[in-house]
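Full structure from sequences and hints, please.
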Amino acid sequence: MNRRQTREPRSNRHTTRVLVSSAIFATLVLGAWARAQAPAPVRVDHPRAKDIMATVGGRPIDYPSYERVARGVIQQARGTRNEPLNPSVDKILRRQALEQLIRNQLLILEAKRQKIAVSTAEIEAEFRTHPFFTVNGQFDEARFANVKKANSPEYQATIARIREDLAARKLDTKMRAEYAPDLDPLRKQVERRRTR
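Sequence positions in the sequence shown follow our numbering and run 9 to 204.
Because the hints were derived from the structure by calculation, they are not lab data. You can take every hint at face value.
Computed cross-link-like contacts, DSS-like style, restricted to lysine-lysine with a CA-CA straight-line distance of at most 25 Å:
1. Lys123 x Lys178
2. Lys58 x Lys99
3. Lys123 x Lys182
4. Lys120 x Lys178
5. Lys120 x Lys182
If you anchor each label on the Cβ, the simulated ranges turn out as follows:
6. Pro161 x Glu132: 13 to 23 Å
7. Asn90 x Asn159: 38 to 48 Å
8. Gly145 x Arg86: 22 to 32 Å
9. Lys157 x Ile110: 35 to 45 Å
10. Gln164 x Gly66: 19 to 29 Å
11. Lys123 x Gly66: 13 to 23 Å
12. Lys58 x Arg202: 51 to 61 Å
13. Arg202 x Gln164: 46 to 56 Å
14. Arg86 x Arg200: 28 to 38 Å
15. Ile110 x Lys156: 31 to 41 Å
16. Leu114 x Asp59: 13 to 23 Å
17. Ser96 x Lys123: 37 to 47 Å
Yeah, the Cβ is synthetic: ideal placement off N, Cα and C, and Gly gets one too.
Set out below in structure tokens:
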């Protein structure tokens, strides 16, 4: 029986995980610092207008996010080599990074439209993978409980962001399962040609 390839490509998983991890870390650490500096509630700001490089359905893509993803894509392409990439290759990879960010935003919008559900357990499982909650290689339940108990605006914003990202990931997996071509015949054809 032929199986369809349903696994998300490594680069897409890596990009999504980098975005989620960065969002969790930035909102939690910056939020804690801001609360220590001033007793007033911290307002969750949107990217400044000058930092926005693209907008997808009203959702901004800012330069810092783009640079983070582009650096990851370029680093992955370089592998263990230390020399810089050809400028034309670098340009192509940067374009691919932007296209990936646009695709992620489109998936988030479509997942919202389709009302794809994400459970609290799934969100907490994503939190548990973040280094912020890991102490000496172990998940720190007390630290996670303290963050949950504080229920700060940053924590709520992070939950909303994770919910969107997980719903988009579910939609992506579903679409790949439905529409991705069956790669077994192609693989067999390539193997036959290589054998000849």
